[in-house]
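Visitor: One letter stands for each residue in the lines below.
There are 2 protein chains.
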Amino acid sequence: MAGPKFVLDRSSPVPLYFQIAEQFERAIVDGTIAPGERINNEIALAAELGLSRPTMRQAIQVLVDKGMLVRKRGVGTQVVHGKIRRSVELTSLFDDLVAAGKQPRTDVISVGKVPADEDVARELQLMRGADVWSLERLRWVDREPLALMHNYIPVDVVDLAAVDLAETGLYALLRDSGVVMRVARQRIGARGATPEEGRLLGERKGAPLLSMQRTAYDDAGRAVEYGRHAYRPDLYAFELTLVDR
Amino acid sequence: MAGPKFVLDRSSPVPLYFQIAEQFERAIVDGTIAPGERINNEIALAAELGLSRPTMRQAIQVLVDKGMLVRKRGVGTQVVHGKIRRSVELTSLFDDLVAAGKQPRTDVISVGKVPADEDVARELQLMRGADVWSLERLRWVDREPLALMHNYIPVDVVDLAAVDLAETGLYALLRDSGVVMRVARQRIGARGATPEEGRLLGERKGAPLLSMQRTAYDDAGRAVEYGRHAYRPDLYAFELTLVDR
DNA sequence: AAGTGGTCTAGACCACGCT
DNA sequence: GCGTGGTCTAGACCACTTC
Numbered sequence: 001m002a003g004p005k006f007v008l009d010r011s012s013p014v015p016l017y018f019q020i021a022e023q024f025e026r027a028i029v030d031g032t033i034a035p036g037e038r039i040n041n042e043i044a045l046a047a048e049l050g051l052s053r054p055t056m057r058q059a060i061q062v063l064v065d066k067g068m069l070v071r072k073r074g075v076g077t078q079v080v081h082g083k084i085r086r087s088v089e090l091t092s093l094f095d096d097l098v099a100a101g102k103q104p105r106t107d108v109i110s111v112g113k114v115p116a117d118e119d120v121a122r123e124l125q126l127m128r129g130a131d132v133w134s135l136e137r138l139r140w141v142d143r144e145p146l147a148l149m150h151n152y153i154p155v156d157v158v159d160l161a162a163v164d165l166a167e168t169g170l171y172a173l174l175r176d177s178g179v180v181m182r183v184a185r186q187r188i189g190a191r192g193a194t195p196e197e198g199r200l201l202g203e204r205k206g207a208p209l210l211s212m213q214r215t216a217y218d219d220a221g222r223a224v225e226y227g228r229h230a231y232r233p234d235l236y237a238f239e240l241t242l243v244d245r
Numbered sequence: 001m002a003g004p005k006f007v008l009d010r011s012s013p014v015p016l017y018f019q020i021a022e023q024f025e026r027a028i029v030d031g032t033i034a035p036g037e038r039i040n041n042e043i044a045l046a047a048e049l050g051l052s053r054p055t056m057r058q059a060i061q062v063l064v065d066k067g068m069l070v071r072k073r074g075v076g077t078q079v080v081h082g083k084i085r086r087s088v089e090l091t092s093l094f095d096d097l098v099a100a101g102k103q104p105r106t107d108v109i110s111v112g113k114v115p116a117d118e119d120v121a122r123e124l125q126l127m128r129g130a131d132v133w134s135l136e137r138l139r140w141v142d143r144e145p146l147a148l149m150h151n152y153i154p155v156d157v158v159d160l161a162a163v164d165l166a167e168t169g170l171y172a173l174l175r176d177s178g179v180v181m182r183v184a185r186q187r188i189g190a191r192g193a194t195p196e197e198g199r200l201l202g203e204r205k206g207a208p209l210l211s212m213q214r215t216a217y218d219d220a221g222r223a224v225e226y227g228r229h230a231y232r233p234d235l236y237a238f239e240l241t242l243v244d245r
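So the protein sequences, as listed, match chains D and Y. When you line the first sequence up against full-length UniProt numbering, it's residues 1 to 245, in that order. When you line the second sequence up against full-length UniProt numbering, it's residues 1 to 245, in that order.
Among the hints, a few may not be true.
Copies of the same chain are indistinguishable here, so a pair counts whether it falls within one copy or spans any two.
[To be verified] In silico SDA-like cross-links for lysine to any residue, where the CA-CA straight-line distance does not exceed 25 Å: (1) LYS72 to VAL180; (2) LYS113 to GLU197; (3) LYS113 to ALA27; (4) LYS205 to ASP159; (5) LYS113 to ASP234; (6) LYS66 to VAL114; (7) LYS66 to ASP119; (8) LYS72 to GLN61; (9) LYS102 to GLU197; (10) LYS66 to ALA46; (11) LYS72 to ASP219; (12) LYS205 to VAL243; (13) LYS205 to LEU126; (14) LYS5 to PRO195; (15) LYS66 to GLN213; (16) LYS72 to VAL14; (17) LYS66 to ASN40; (18) LYS72 to VAL155; (19) LYS205 to HIS150; (20) LYS72 to THR55; (21) LYS66 to ARG191; (22) LYS72 to ALA220; (23) LYS205 to GLU48; (24) LYS66 to GLY178; (25) LYS205 to ASP244; (26) LYS205 to ASP164; (27) LYS102 to GLY50; (28) LYS66 to PHE6.
Hints were generated in silico from the structure; no laboratory data involved.
Start from the sequences and build out the full structure, keeping to the hints where you can.
Guide: Take a look at the structure:
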């Protein structure tokens, strides 16, 4: 089975189910529990740790949702084969790059208030022509242009004037302004580069680009950001894990 | 608040939490509960329906996971603004197109056993050079070529010989063979069309294509399918909903 | 202070897969 | 038949937000 010793700290503010999930994930990632191996059943694990079964179940569910464990009724729960990829999360490219140990850089191409076009107004639940923040940035990594990003933000969400957007990620800025992003809807496609995009990204006109549009909503269900982005496909791709539930 | 009357059938094999989630989703989609509106608290809803709170919570969680509801501690649970898009699921393009009312068609370009190349062997946990099923198909919708799909399947998973792959989706075939797909890892990118791809998809060489690679795992954690696909970006894109949890 | 969701307990019965 | 995960109950206490 999977006998790694788990440690619980009942005085910690970290929920018990999350403490277990973290330790379980570590054990899977570092191979203490082998791919394909079956873990102990929920009842036994709960008893070992002095937890109730629902709490143990909740811990396991976290890893099932991440695609690391698979449940099979009447049989048991096993570790999925294959390497674990981080799934797409509600963070920005900036976070991704820093986590990868790269040297990202950002040039702000333009920032200011513009009237919302049809797309922007629809996605941000505004009247067409209403003022919104417009932010264009070019992302670099290791001296290579990587992505051209165009974001639109309702003016009542945050004040983009006098903020150093070259140094801070947009999402970090929103977080610091008290905006809690909870849901995002994305559309990923491909298209040829416009002459402008080609110039900025160092590609020829018509070269394949990976495109992504995203609308993000905060914890009140309000649309707080809409973005249209283009990525150099030789330097960036989207990875995600799907789980059938 | 959100008073649509829910109906429970305790004799149904459908779980109670799922019955509630379905009716709630319908009420949100058809506008019975307006975007931004707060729903009743969990305790009250549970009492109304004669359910325990954990069961009611489980029902709400289903919709939170779908990105339709947002919870806020100390405040309540609200409906997210914006139109609801179906998120990426563990199905095939064929299913997508049929659901959209389109007339999909499939040409099988080639099917047979081939030795696994390095990528295929790694993704399917096989020795390099081991025999695998190779399946190339061209997908059409409304007389337009849409996607060129290349799948690899371990020979012990299913027998592709003497199967009508033009009429049946690959995933349906695998389901019918007793394979239960539970987890898939995808990588979405973009690239220029090869001359061969251009010819089959009716695009010029170098035209932008949307690419997707997917490895799927069954309910035993075993890799059962690896695919490399190319889509015409004017006809197809990937939509997904991210939820921060 | 009051109300909300977040977590946790200690059980119960059922459906399913295997032998 | 037995062991597994799937569902469900009827509570409890806590953390956080708002008033």
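Visitor: Give a verdict on every hint.
Guide: Hints, one by one, checked against the model:
1. When the C-alpha separation of LYS72 and VAL180 is checked against a cutoff of 25 Å, the pair qualifies only between copies, where the shortest distance is 10 Å, while the shortest distance within a copy is 36 Å.
2. In the homo-oligomer, the alpha carbons of LYS113 and GLU197 lie at most 25 Å apart inside one protomer (22 Å), although the nearest pairing across protomers, at 43 Å, exceeds that limit.
3. In this homomeric assembly, LYS113 and ALA27 never come within 25 Å of each other (Cα to Cα): the closest approach is 50 Å inside a single copy and 37 Å across copies.
4. For the identical chains of this complex, LYS205 and ASP159 are neighbours neither inside a copy (35 Å) nor across copies (46 Å), given an alpha-carbon limit of 25 Å.
5. Proximity of LYS113 to ASP234 under the C-alpha cut-off of 25 Å is found in neither arrangement, the shortest distances being 33 Å within a copy and 31 Å between copies.
6. Proximity of LYS66 and VAL114 under a CA criterion of 25 Å is satisfied in neither setting, with 40 Å inside one chain copy and 33 Å between copies.
7. In this assembly of identical chains, the alpha carbons of LYS66 and ASP119 lie at most 25 Å apart only when taken from different copies (23 Å versus 33 Å within one copy).
8. In this assembly of identical chains, the alpha carbons of LYS72 and GLN61 lie at most 25 Å apart whether taken from the same copy (13 Å) or from different copies (21 Å).
9. For the homomeric pair LYS102 and GLU197, the shortest alpha-carbon distance inside one copy (23 Å) is at most 25 Å, but the shortest distance between copies (34 Å) is not.
10. Only within a single protomer do LYS66 and ALA46 lie at most 25 Å apart by alpha-carbon distance; the minimum there is 21 Å, versus 29 Å between protomers.
11. With identical chains, the CA atoms of LYS72 and ASP219 are at most 25 Å apart between copies only, with a shortest distance of 6 Å across copies and 34 Å within one.
12. In this homomeric assembly, LYS205 and VAL243 never come within 25 Å of each other (Cα to Cα): the closest approach is 38 Å inside a single copy and 35 Å across copies.
13. When the C-alpha separation of LYS205 and LEU126 is checked against a cutoff of 25 Å, the pair qualifies neither within a copy, at 33 Å, nor between copies, at 41 Å.
14. In this assembly of identical chains, the alpha carbons of LYS5 and PRO195 never lie at most 25 Å apart, being 59 Å within a copy and 56 Å across copies at closest.
15. Both within a single protomer and between protomers do LYS66 and GLN213 lie at most 25 Å apart by alpha-carbon distance, with minima of 24 Å and 19 Å respectively.
16. When the C-alpha separation of LYS72 and VAL14 is checked against a cutoff of 25 Å, the pair qualifies only between copies, where the shortest distance is 18 Å, while the shortest distance within a copy is 29 Å.
17. For the identical chains of this complex, LYS66 and ASN40 are intra-copy neighbours only, at 19 Å inside a copy versus 30 Å across copies, given an alpha-carbon limit of 25 Å.
18. Taking identical chains as interchangeable, the C-alpha atoms of LYS72 and VAL155 lie at most 25 Å apart only when they sit on different chains, with a minimum of 23 Å there against 49 Å within one chain.
19. In this assembly of identical chains, LYS205 and HIS150 lie within 25 Å of each other by CA distance solely inside one copy; the values are 19 Å within and 29 Å between copies.
20. In this assembly of identical chains, LYS72 and THR55 lie within 25 Å of each other by CA distance both inside one copy and across copies; the values are 19 Å within and 22 Å between.
21. Neither within a single protomer nor between protomers do LYS66 and ARG191 lie at most 25 Å apart by alpha-carbon distance, with minima of 31 Å and 28 Å respectively.
22. For the identical chains of this complex, LYS72 and ALA220 are inter-copy neighbours only, at 8 Å across copies versus 36 Å inside a copy, given an alpha-carbon limit of 25 Å.
23. Taking identical chains as interchangeable, the C-alpha atoms of LYS205 and GLU48 are never at most 25 Å apart, the minima being 62 Å within one chain and 61 Å between chains.
24. Taking the shortest alpha-carbon separations for LYS66 and GLY178, only the inter-copy value of 24 Å comes in at or below 25 Å, while the best intra-copy value is 28 Å.
25. Proximity of LYS205 to ASP244 under the C-alpha cut-off of 25 Å is found in neither arrangement, the shortest distances being 40 Å within a copy and 37 Å between copies.
26. With identical chains, the CA atoms of LYS205 and ASP164 are never at most 25 Å apart, being 31 Å at best within one copy and 43 Å at best between copies.
27. Proximity of LYS102 and GLY50 under a CA criterion of 25 Å is satisfied in neither setting, with 43 Å inside one chain copy and 55 Å between copies.
28. With identical chains, the CA atoms of LYS66 and PHE6 are at most 25 Å apart within one copy only, with a shortest distance of 20 Å there and 32 Å across copies.
Going down the numbered hints, you'll see the structure goes against 3, 4, 5, 6, 12, 13, 14, 21, 23, 25, 26, 27, while the others check out.
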